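Going line by line, the protein sequences match chains C and Z.
Numbered by this note's numbering, the letters in the first sequence go through residues -15 to 519 in order.
Numbered by this note's numbering, the letters in the second sequence go through residues 50 to 539 in order.
None of these hints come from the bench; they were simulated from the model.
Remember, it's a predicted structure, so these values are computed and weren't measured experimentally.
Any given hint could turn out to be false.
Stated by the list, open to error - No farther apart than 20 Å at their CA atoms in a straight line, the calculated lysine to aspartate or glutamate pairs in the EDC-like style are these:
id, chain 1, residue 1, chain 2, residue 2
1, C, Lys370, C, Glu416
2, Z, Lys391, Z, Asp415
3, C, Lys487, C, Glu266
4, C, Lys156, Z, Glu179
5, Z, Lys533, C, Asp453
6, Z, Lys473, C, Glu515
7, C, Lys156, Z, Glu518
8, Z, Lys448, Z, Asp321
9, Z, Lys429, Z, Glu457
10, C, Lys227, C, Asp111
11, C, Lys160, Z, Asp431
12, C, Lys427, C, Glu306
13, C, Lys173, Z, Glu518
14, Z, Lys303, Z, Glu324
15, C, Lys160, Z, Glu179
16, C, Lys160, Z, Asp522
17, C, Lys156, Z, Asp522
18, Z, Lys537, C, Asp334
19, C, Lys512, Z, Asp476
20, Z, Lys177, C, Glu497
21, C, Lys156, Z, Asp122
22, Z, Lys106, Z, Asp94
23, C, Lys65, C, Asp394
24, Z, Lys448, Z, Glu518
25, Z, Lys537, C, Glu432
26, Z, Lys181, C, Glu433
27, C, Lys156, C, Asp98
28, Z, Lys450, Z, Asp355
29, Z, Lys537, C, Glu465
30, Z, Lys448, Z, Asp276
31, Z, Lys177, C, Glu465
32, Z, Lys177, Z, Glu196
33, Z, Lys248, Z, Asp132
34, Z, Lys450, C, Glu515
35, Z, Lys537, C, Glu433
36, C, Lys408, C, Asp334
37, Z, Lys367, Z, Glu356
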Amino acid sequence: MRDTYTILTFIINFFIHICGHVNELVIYIYYFFLPHFIYFCGYFYLFFFIYIRRQIFINNEWHTSIKGKKFPTINPATGVKICDVEEADKADVDEAVRAARAAGQRGSEWRLMDASSRGRLLHRLADLLERERAVLATLESMDTGKPFLHAFFVDLDGSIKTLRYYAGWTDKIHGKTMPVDENFVCFTKHEPVGVCGAIIPWNFPLLMFMWKIAPALACGNTVVIKPAEQTPLTALHVGAIIKEAGFPPGVVNIVPGFGPTAGAAIASHMNIDKVAFTGSTEVGQLIKAAAAKSNLKRVTLELGGKNPCIVFADSDLQSAVEETQKGAFFNQGQACTAASRIYVEEPVYDEFVRLSVERAKNIVIGDPLEPRTSHGPQIDQHQFDKILELVDSGKKEGAMLECGGCAVEDRGLFIHPTIFSDVKDHMRIAKEEIFGPVQCIMKFKTQEEVINRANSSHYGLTAAVFTRDIHRAMSVSAAMEAGTVWVNCYNALHAQAPFGGYKMSGNGRELGEYALAEYTEVKAITMKLSEQLTL
Amino acid sequence: IACQCVSFSLQIFINNEWHDAVNKKTFPTINPATGEVICHVAEGDKADVEKAVKAAKDAFKLGSPWRRMDASDRGLLLSRLADCIERDAAYLAELETLDNGKPYAVSYSVDVPMVVKCLRYYAGWADKWEGKTIPIDGDYFCYTRHEPIGVCGQIIPWNFPLLMQAWKLGPALATGNTVVMKVAEQTPLTALYVASLIKEVGFPAGVVNIVPGMGPSAGAAIASHMDVDKVAFTGSTEVGHLIMKASSTSNLKKVTLELGGKSPNIILSDADMEEAVEQSHFALFFNQGQCCCAGSRTYVQESIYDEFVERSVERAKKRIVGDPFNFNTEQGPQVDEEQFQKILGYISSGKREGAKLMCGGGPAADRGYFIQPTIFGDVKDDMTIAREEIFGPVMQILKFKSLDEVIERANDSKYGLAAAVFTKNIDKAHYISNGLRAGTVWINCYDVFGVQAPFGGYKASGIGRELGEYGLDNYTEVKTVTIKVPQKNS
Chain C
-15 MRDTYTILTF IINFFIHICG HVNELVIYIY YFFLPHFIYF CGYFYLFFFI YIRRQIFINN
45 EWHTSIKGKK FPTINPATGV KICDVEEADK ADVDEAVRAA RAAGQRGSEW RLMDASSRGR
105 LLHRLADLLE RERAVLATLE SMDTGKPFLH AFFVDLDGSI KTLRYYAGWT DKIHGKTMPV
165 DENFVCFTKH EPVGVCGAII PWNFPLLMFM WKIAPALACG NTVVIKPAEQ TPLTALHVGA
225 IIKEAGFPPG VVNIVPGFGP TAGAAIASHM NIDKVAFTGS TEVGQLIKAA AAKSNLKRVT
285 LELGGKNPCI VFADSDLQSA VEETQKGAFF NQGQACTAAS RIYVEEPVYD EFVRLSVERA
345 KNIVIGDPLE PRTSHGPQID QHQFDKILEL VDSGKKEGAM LECGGCAVED RGLFIHPTIF
405 SDVKDHMRIA KEEIFGPVQC IMKFKTQEEV INRANSSHYG LTAAVFTRDI HRAMSVSAAM
465 EAGTVWVNCY NALHAQAPFG GYKMSGNGRE LGEYALAEYT EVKAITMKLS EQLTL
Chain Z
50 IACQCVSFSL QIFINNEWHD AVNKKTFPTI NPATGEVICH VAEGDKADVE KAVKAAKDAF
110 KLGSPWRRMD ASDRGLLLSR LADCIERDAA YLAELETLDN GKPYAVSYSV DVPMVVKCLR
170 YYAGWADKWE GKTIPIDGDY FCYTRHEPIG VCGQIIPWNF PLLMQAWKLG PALATGNTVV
230 MKVAEQTPLT ALYVASLIKE VGFPAGVVNI VPGMGPSAGA AIASHMDVDK VAFTGSTEVG
290 HLIMKASSTS NLKKVTLELG GKSPNIILSD ADMEEAVEQS HFALFFNQGQ CCCAGSRTYV
350 QESIYDEFVE RSVERAKKRI VGDPFNFNTE QGPQVDEEQF QKILGYISSG KREGAKLMCG
410 GGPAADRGYF IQPTIFGDVK DDMTIAREEI FGPVMQILKF KSLDEVIERA NDSKYGLAAA
470 VFTKNIDKAH YISNGLRAGT VWINCYDVFG VQAPFGGYKA SGIGRELGEY GLDNYTEVKT
530 VTIKVPQKNS
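Sequences and hints are given; from them, build the entire structure.
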């Protein structure tokens, strides 16, 4: 059985390699036909061949929960349980931290390893991810409800590129020598922080996993990572791959579990040197408080957003409509970067709304594994209810519902892509993070006005500007209080460029060279040189 | 028999295709262990360089596949090239030994792995070679782009043919340049095999072009070409002068040079004797003494001088010289007849000028270009063997008394490539290493080459640095872009 699985993976990857090297036409054909094959294989795999990892991964071994507890993980598209997963709690986190601490001990295999060899391991992990691409995309799609093709092309691509990017950094994390005054030699070493806790969300389970472990491992840290309870499966599958790639035991430990138990145990652990969290601002505050109360561990946070998109009348309107709508509805609106406040300049406002509504109606809602589907279910009942509650508030507060506004009948957690126009800044839908497929369109008159309105939020994650005027692009992008500004594009995320929030959208930066600073301690070594040298 | 070893094209590699020389000439490449011809290789001349530059220039055109390629994909191509070289390591190592004479054990365990590491290292840089944004005064927005220079001519030597190729290709390709490379006429084989791998992994046509040929014809054509934007040369200081002159009289192409050395290796009286003897032996005799950074002036402190010389001689006598394909062999032949004769000439001059020949001093076999490991004691600073680069297995041991004296004597050379100091004393180690005028200083070690660390010469040992992040500078033009903005905000 396992052999068949290997052969299937091989065939698919073979196609991927071939197509990657031919031309766009072939990719086009491939894009339309191969997914049908994978669609079929996906079910085939899951039900017959994939051994779904469902245990706690510590020291390159699989463990059951110490308390003996398990939790179900659900396919949000069907509401059917995929499997039960071992639930990590404080005691399991303790075990994982012990393993991570031992693996990062001075003199350990991991600490003695050449930096370039760490890079080789990360490259190998990327290679294995490529090999397992179809499996991981299937699992990701089943567990999150995101369309398979998004998982296959966006999530997997991003994950692989992130690993390769940081693989290259390992032996380029330079210290410096400083020309200090007087007779000293002074130099810095960039050392790993130690045991890094990571708590990741359910919207991009695999990608967030890589954003956390890639820079952490590149810098030589060890990791205890808690995937979200909604979506533990790809993380655990990666655990098996990490072992196969040859990372020493204890370097990466994966503890599936809940925030208030396993997550809190990580954030307040006395033997964790750093915690990185991606999730809601509310929980971000808890994490930082836990760090403050325990051992002052370093904290990086990547939190919520209420991201303004500013569309000027001189922009390429069609492109602006497409980009902002993709920004709003991508991943069912479940993205911290979601384009959730769209400010459109008065002269083109009506046209923009009309085009947006037209476009939204063409969105295909359906089974995420079906290749035509571009819109899947929300992740769970809690999110589903929260989104519909906010949609209701929008209606009540007087925003104009242009389309959607309700759940898809008889289909569990699916919500129709929703557009509100005439949204006012004081409305809840204009202020709170909805994390669902709701596009709020506002009107503005002047540049100065829209800059002020865009910035009047306690969030500051991303922003976008659509204009053909270079002066305007420069002025507005400079004025935005946000960690990322996109000009005439949206969700243009790259491993090479830093990402993170101003204000309450976060602390620190992920990706790019900047992320390395979050995972290193700088040690300045100063040596006194004797001035009396005798032979 | 030897010809059967070569199962790839022996032509000029242009545009991912194989070409005969325009004038149909070929030249023989010799196995230095036997003096026999291995095979004949197409001999590139001015006309072939012309074709190669045209190909490289086309590959570099704005909008070309190479220019439009994602930086991370350039990195992937370099990674794949490293993978292929690793796959074919045994074959490449054999070929290198056959052509160059270096022991197979060394080419397999030193040269090839360093090549692989070098390419992987620069693969990682491709998408990390970041420009900056700069807060200039006034209502402007200013940033820099790190752009490739363009067509890079690269002329490489015969002492580490594969490794020098990687040192040149890695940074040039990571930064997005195109290359016309002339490989040494003594050792063209491995470079041509690598060319076939470059094609195999999928570099676009014209990105790398390899022209085997002679310095005065093909090399000179590159150095003085009006469409070559940069030239990088590794070789003798003498030829370095010619390259720079050719640049200045043609188009002022950028020049980086990695040239000769007469590197001082300083042994203090408190050093670990055994280790110092072994490392100094390695420093000089490694690669048959054919290293630009060879520790060719061994300064030993007075109080341990006699013991050091005695032990060094003992060690040199044990050095196994012979068939490079024998796994026990430490030293193979010199690369060719010319080098062989030149080294023997230096040995004669040493004797003539009054240095004390402690061991060796002559050929080590009746065929091939083998030379006995040779040590001169009581060498004085003004002797020819203490001033000129011998590039052979000839060690000069000199005596010194004080730190300041040895620093001054060590620096009294037109060269400044490498240096080393052996001592257990932290103050002395720093004092000497700070005082030496050399691009690389090793403390209690020698010939340690991390691809991550820069290498290059002070003074007449060169211009610019290879390896490390510094190596990228040599292949980059910095473009400052300044945009007028209505109103600046910090």
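Status of the hints after comparison with the structure:
{"no.": "1", "hint": "C:Lys370 <-> C:Glu416", "result": "holds (11 Å)"}
{"no.": "2", "hint": "Z:Lys391 <-> Z:Asp415", "result": "holds (17 Å)"}
{"no.": "3", "hint": "C:Lys487 <-> C:Glu266", "result": "holds (13 Å)"}
{"no.": "4", "hint": "C:Lys156 <-> Z:Glu179", "result": "holds (13 Å)"}
{"no.": "5", "hint": "Z:Lys533 <-> C:Asp453", "result": "holds (12 Å)"}
{"no.": "6", "hint": "Z:Lys473 <-> C:Glu515", "result": "holds (17 Å)"}
{"no.": "7", "hint": "C:Lys156 <-> Z:Glu518", "result": "holds (8 Å)"}
{"no.": "8", "hint": "Z:Lys448 <-> Z:Asp321", "result": "holds (17 Å)"}
{"no.": "9", "hint": "Z:Lys429 <-> Z:Glu457", "result": "holds (14 Å)"}
{"no.": "10", "hint": "C:Lys227 <-> C:Asp111", "result": "holds (13 Å)"}
{"no.": "11", "hint": "C:Lys160 <-> Z:Asp431", "result": "violated (39 Å)"}
{"no.": "12", "hint": "C:Lys427 <-> C:Glu306", "result": "holds (18 Å)"}
{"no.": "13", "hint": "C:Lys173 <-> Z:Glu518", "result": "holds (17 Å)"}
{"no.": "14", "hint": "Z:Lys303 <-> Z:Glu324", "result": "violated (42 Å)"}
{"no.": "15", "hint": "C:Lys160 <-> Z:Glu179", "result": "holds (18 Å)"}
{"no.": "16", "hint": "C:Lys160 <-> Z:Asp522", "result": "holds (18 Å)"}
{"no.": "17", "hint": "C:Lys156 <-> Z:Asp522", "result": "holds (15 Å)"}
{"no.": "18", "hint": "Z:Lys537 <-> C:Asp334", "result": "violated (33 Å)"}
{"no.": "19", "hint": "C:Lys512 <-> Z:Asp476", "result": "holds (8 Å)"}
{"no.": "20", "hint": "Z:Lys177 <-> C:Glu497", "result": "holds (8 Å)"}
{"no.": "21", "hint": "C:Lys156 <-> Z:Asp122", "result": "holds (19 Å)"}
{"no.": "22", "hint": "Z:Lys106 <-> Z:Asp94", "result": "holds (18 Å)"}
{"no.": "23", "hint": "C:Lys65 <-> C:Asp394", "result": "holds (18 Å)"}
{"no.": "24", "hint": "Z:Lys448 <-> Z:Glu518", "result": "violated (38 Å)"}
{"no.": "25", "hint": "Z:Lys537 <-> C:Glu432", "result": "holds (14 Å)"}
{"no.": "26", "hint": "Z:Lys181 <-> C:Glu433", "result": "violated (31 Å)"}
{"no.": "27", "hint": "C:Lys156 <-> C:Asp98", "result": "holds (12 Å)"}
{"no.": "28", "hint": "Z:Lys450 <-> Z:Asp355", "result": "holds (13 Å)"}
{"no.": "29", "hint": "Z:Lys537 <-> C:Glu465", "result": "holds (15 Å)"}
{"no.": "30", "hint": "Z:Lys448 <-> Z:Asp276", "result": "violated (51 Å)"}
{"no.": "31", "hint": "Z:Lys177 <-> C:Glu465", "result": "violated (26 Å)"}
{"no.": "32", "hint": "Z:Lys177 <-> Z:Glu196", "result": "holds (13 Å)"}
{"no.": "33", "hint": "Z:Lys248 <-> Z:Asp132", "result": "holds (14 Å)"}
{"no.": "34", "hint": "Z:Lys450 <-> C:Glu515", "result": "holds (19 Å)"}
{"no.": "35", "hint": "Z:Lys537 <-> C:Glu433", "result": "holds (18 Å)"}
{"no.": "36", "hint": "C:Lys408 <-> C:Asp334", "result": "holds (16 Å)"}
{"no.": "37", "hint": "Z:Lys367 <-> Z:Glu356", "result": "holds (17 Å)"}
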